Amino acid sequence: MAEWPTQPKVLGTRVPRVDGPAKVSGQARYSSDIQLPGLLIGMILRSRWPAARILRINLDKARKMPGIKAAVAVQEGPRIVRFYGEELAAVAGVSREACEDALRVIEVEAEPLPFVVREEDAKKPDAPRVWEQAPNMPPPRVQETGNVDAAWAECAAIVEGFYTTSVQLHHPMEPHGGTAHWTEEGLTAWISTQGIASVRDGLAGALRLEQSKVRVITEYMGGGFGSKFGPGVEGILAARLSREAGAPVRLMLSRFEESLAVGNRPSSFQRIKLGAKADGTLHVFDYENYGTAGIGAGQATEGGGGGADLPMPYIYQVPNRRIKQTAVAVNAGSARPFRAPGHPVASFGMESAMDELAVKLGMDPLELRIKNDPFEIRRREYKIGAERFGWKEKYRKPGTSPGPVKVGVGVASATWGGGGSRNTRGEVQINPDGTVEVRLGVQDIGTGTRTVAAVVAAEVLGLKPEQIHVKIGDTLYPLGPGSGGSVTAPSVAPTVFDVCTRALEELQKQTGVSDARGDNWKTACKKLGVNPLTVQGRWREGLSSSGVGGVQFAEVAVDTETGLVTVKKILVVQDCGLVVDPLTAESQVNGGVIMGIGMALYEERVMDWQTGLVLNPNYETYKLPSIADVPEIDIILLNMPERGVIGLGEPVHIPTAAAIANAVANAIGVRVPSLPITPRKVLTALGQVPVRRSSAT
Amino acid sequence: MRPFEYVTATSIETARQLLGANGHYLAGGNDLLGRLKDDITEAVRLVNIKGIGALRHIEPGPDRWQIGALVTIAEIEDHAELRKIFPGLQQAAAEVGSQQIRNVATLGGNLAQHSRCWYYRHRDIQCLKKRGRICYALEGDNRYHALFTGNVCISPVVSNLAIALTALDATAVIWRDGQERRLTMAELYELAWDNPTAHHSLRPGDLLLRVEIPTKRPRSAYLQVSEKHSFDWALVSCAAAARLENGRIYDARVALGCISPVPHQVAAANQFLEGKPLERDVAEKAADLLLTGAEPHEHNAYKIPMARALIRRTLLQLGT
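Respectively, the protein sequence lines represent chains P and L. When we follow this note's numbering, the leftmost residue of the first sequence carries the number 1330, and every step to the right adds one. When we follow this note's numbering, the leftmost residue of the second sequence carries the number 552, and every step to the right adds one.
It is worth saying that the hints were derived from the structure and are not from the lab. Bear in mind that the values here come from a model prediction, so they are computed numbers and not experimental data. Ideal placement from N, C-alpha and C gives every residue a C-beta, glycine not left out. Where hints are given, some of them may not hold.
Stated by the list, open to error - Here are the computed distance ranges between Cβ atoms for each label pair:
| no. | chain 1 | residue 1 | chain 2 | residue 2 | range |
| --- | --- | --- | --- | --- | --- |
| 1 | L | Arg732 | P | Pro1350 | 55 to 61 angstroms |
| 2 | P | Lys1653 | L | Glu835 | 46 to 52 angstroms |
| 3 | P | Arg1425 | L | Pro769 | 35 to 41 angstroms |
| 4 | P | Pro1731 | L | Glu830 | 18 to 24 angstroms |
| 5 | P | Lys1393 | L | Val595 | 21 to 27 angstroms |
| 6 | L | Asp589 | P | Lys1851 | 45 to 51 angstroms |
Generate coordinates for the entire structure from the input sequences, incorporating the hints supplied.
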């Protein structure tokens, strides 16, 4: 088994992102930056009905509009659409305006069908069915261990709660889509994706092309968070339009469209009953949950892992437990995996119940967790974090903070795998002039993949990271995994170690230089003569592992007269094995925490039951944290080189919302059991909102 | 966006002539261009008025200040002297949108902006405000909607500056039918109280020229609560202005935003405050008077306690 050097020179140092200058100066080319001769713009016609039987789509008028070069229907013949925004047809033309005009004249003959968009309405037996053949909410799957009903009598404290979370939208800064160029040689597609390989295969399958005829390029992309693994309807339409028009087509979704059809995180409605012994040992857990994955509920969701089921009782072991879960279908876009699918939602429910239990037991919530946490690393993280955070000094009984603006603290934690893919491959080319090219068929979703590869290559070859040219995001390179599950760094780092180690050996063998590293590098490379040295390699055992913890502490201030929550501080204690580059690792933590703040306080897709539409399809009313909402984020990374590289993009997002929710409850003395925690919900929880007759809905 | 003509005017008179029957004045464009892109407003012609120099000035005066309609929100926010004379106006300006928006948004555009109701703003919803049949907010998601209205539509006025200027008892000077007309802030919005399709009282062709603000209330303040800490609309906003003598309040005016289609004022509250000490109990009684008759809907009753807290805090801030 391979091992990382025990005295590294580059590994673990703060190496700035190698492609940072290209990104901030606008040199980096994203999918929408691709300029090709004759480039057309593509746009999609979407269903205006939340449910309808589509009888006929006539594209004739659209095709005749000025500047229009192609028009295609998503599907021939009658079909049923099941949500507002479902794709019907697409056009390609010389400008956005030409396309908009053409979309307006497409004739769609449709019979509107009854629809339902809210979970509480959809689960009623007489609700309109989203899928004709099955009720919207199937009976729950039940898992039972031990004897739940008998165990309650053995408990010293029992708490019950009902916790809900909202459907969230991924809303990456860069929308879905890309640029497709179909020629006689095949299809080249610059797609904003987390998986160039899965997009290539998806496009080949959908378009009945040989995989060898499809090339996918993603040099840079602006975030996906789980929603960008496949080509998507938009990617397939771009390719079809390009084929029909005989010209390249750029089809990027608008912010409005991002709210409709490219994924979301399911909601949750979690009923929890939790019991413990007098010493705090968890004894019994009774759980019911349902959520909606849109039309994806009860169906396979794209990319997998996007369902509404939650991993419960999350990080804890409870001997007696009954878990009932199901999902309810509504007429809305399907869920897709969303950064650590299920985990942040599970964490919110479970950690809320844990804090309630601590109050009932009269225990410090931190002590209750340490007592019940089976994971040794996390138990250490609680202690390290408590010390740095000043937990003992800051924690006080719920609601005892004086004055109208109350402060409170909370804690929550994470578990994640983050192991690498053993199928990852790569190659390195050493040129006679000493330059080094590392080529990997992976993509960078913003985590710093190029930098990780450069750091590892520099370490092995005794060079500086800036001497390594890392080329990624092209299916012509040896393919690696999609960037999901926090696998990219633990896939890439061992692979680059392998190819560079092999290349160094080969270089030394060919040139007779006994140690070609560092100062000898140029001399050795020159001896290669005219031909560069190209070496392939693959993921190596022993350089990565999986299984991380992660603990976060939150401090908040809550204005009890206006309901406004201000996050004052988040402390993150996170392990990820060997820290390849503390700078890119901390950047991951910052992003995960900020996204967690959004989940805790701001984000919610709002559906209108009357029209079936998404009411907040923009950044104005789908609220995301901005700089003023981001507190001090204090980061402690536990460096464990002996464990090898482990991914951390997802675990660092998991506990933030739960920790904030617990801090809010600690501040005001009552729990807001529903995310996002808006001023409205805070004032309601405090009993300040006058009760009004219920409306006629 | 659909095609339109684009012309530039250099004077008030030519602007009005160029506007024609179905044109729109274009200043900062934050509101208008968004509506055009979302296809909720039709425009045959846009008349760029940014070059009309006469509308760009801030003119101090002993009794009243004049602020031209094309003065940007950022200019109001950053004006050092204005900040001393009308702190409430400066605070309201500082809460508008983001820095980028404030750099281009104008006083006139802020006052004349349309409803932000998410039913009104949705391209595929034909609501009452867009001359459809019903107000969807009534039985729908009305968390951001009004507690008071004189008609069926419950979308509230969201202009920050309207609230501050109402408290300061400003006068809006508009160009109508070839001459200047003077409107109180109440008059500038009163049509929206009765008429669900109105956002204010301006008629097609009316051009906001400036506001005039009396200096007789040296104390003023503006506060709002939003869901986020910046770059967000107010859930409720409150402005107050008065003169203080020996800790007592005179000529007080209080206005609330985001709870009514017009800046919400209650004469009885202003009268009650006359000569009263600036104290917590007094502020709370004023809040009671201001919120009497509030009619919450399914999702917006939280605005009542929020408004109550804001009224008290804004009034007490007059003394600081």
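Structure versus earlier hints - violations, ascending order: 3 and 6
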